[in-house]
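Given the coordinates of chain A, work out where chain B should sit on it, guided by the hints.
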Amino acid sequence: MNINATLLVQALSFAFLIWFSVKFIWPPLNRAIDERNKRIADGLAAAEKGKAALVEAERKGESAMKEAREKASGVLGESEKRGHQIVEEAKAAAKAEADRIIAGAREQISSELAKAKTELREQVAALAVAGAEKILQREVDAKAHAEMLAKLKAQL
Amino acid sequence: MAAQNASEYIAHHLTNLTVKVGEGGFWTVNMDTIVMSWVLGLVGLGVIWMVARGATAEVPGRLQSFIEMFFEFVDGTVRDVFPGSRAFLGPLALTIFTWVFMMNLMDLIPIDWVATISHGLGAPAWKAVPSTDLNTTFAMSFSVFFLIIFFSFKAKGAGGFLHELFTAPFGSNPLLWLPNLGLNIIELLAKPISLGMRLFGNMYAGELIFMLLGLLGTIASLSVGGLIAGGASIAFTWAWAVFHILIILLQAFIFMVLSVVYIAMAHEHH
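If you read the protein sequences in the order shown, they are chains A and B. For the first sequence, our numbering gives the first residue as 14, with consecutive numbering after it. For the second sequence, our numbering gives the first residue as 5, with consecutive numbering after it.
There is no bait here: all hints are sound.
Taking lysine-lysine pairs in the DSBU-like style, the calculated list, with each CA pair at most 35 Å apart, reads:
no.: 1; chain 1: B; residue 1: K158; chain 2: A; residue 2: K36
no.: 2; chain 1: A; residue 1: K36; chain 2: B; residue 2: K195
no.: 3; chain 1: A; residue 1: K36; chain 2: B; residue 2: K24
These are calculated hints, taken from the structure and not from any lab test.
If we strip away everything but chain A, and leave its shape as in the complex, we get (with noise of 0.2 Å):
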């Protein structure tokens, strides 16, 4: 219950534990906490930095849906277009084949029905004189009826 020396060491064992605190104890715990604060607000600070990239993305991607979906649609038209164009020179190209093919064809028949044409006239001719000889029961003399014969064949 007295005070005794027992005060002084007590004192210098206070002062000992204290110095032990300042020097071993105080600051690697200080140490690792500060860091684990330090690293909780840094994983913090990149989620929400992360929450952000994922929104710009996000927006990005519909921008780049959109446009897609726009050249799509053009490139859709665009080749329809064609097509009806196609179609339509093809259509062009054989109306102008059918065309030529039919100009020739009434050609050809109106050089053939030409051709019969004056085949006849010459058998015409010679029909007429034969009948006209036996009508005549004599020669007719073709050279001097010549004149006449080629009248004829006119008029057929």
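Structure of chain B alone, referenced to chain A:
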């Protein structure tokens, strides 16, 4: 302990194991106080030190979490009181709380167990609670007192501190110098004395109540009155121990906070 009478029982539990180290009444040391406080201080701070040594910023284990919680509690308490650097006041507060708490904790060991063990080991007396020894509490509170003086000089300079001693709180009139000085000395000395006496008084009184309840237990016997005495001794000791858990923590906390407050006040100018 049945062979003792009441005053012997009480006196025995209040006796320190002393060793004379020189001439005169002052030069004795209480071996039990010193050994117990050293062991408790080293165990308490040792556990914290082991954790602090391996502490990393990785995910902490359970023990490290607990120690860090304690650290944050002390750090926060000091921060609330003192705005400056906590590189010294922080560990000071940590040391005070840990040491005082560990010493107070010994109060919860049943006193007769301590007596039985120490007798078994051949010691004539052994007080297990160093904070029921005025030497311990005054050693701590006067260490705080010298820290107050030191920080007063450091914060205000020798001139500033002396000026304050003579001119505060009444004024700088030369007639008031002596009253000022007298009041300041009383104020300065009141701090360590009240700090040391508070802890000592609380622990000593708590210990004394355990002794009285233990004394009640010594008259327990196989009679109706004896059984009531024995039952009451056990029940009241248990109840007081539960209540004492609060006191132990509270006194450690009060000692820590007041020490920090006093040292923080030393930094303030009047």
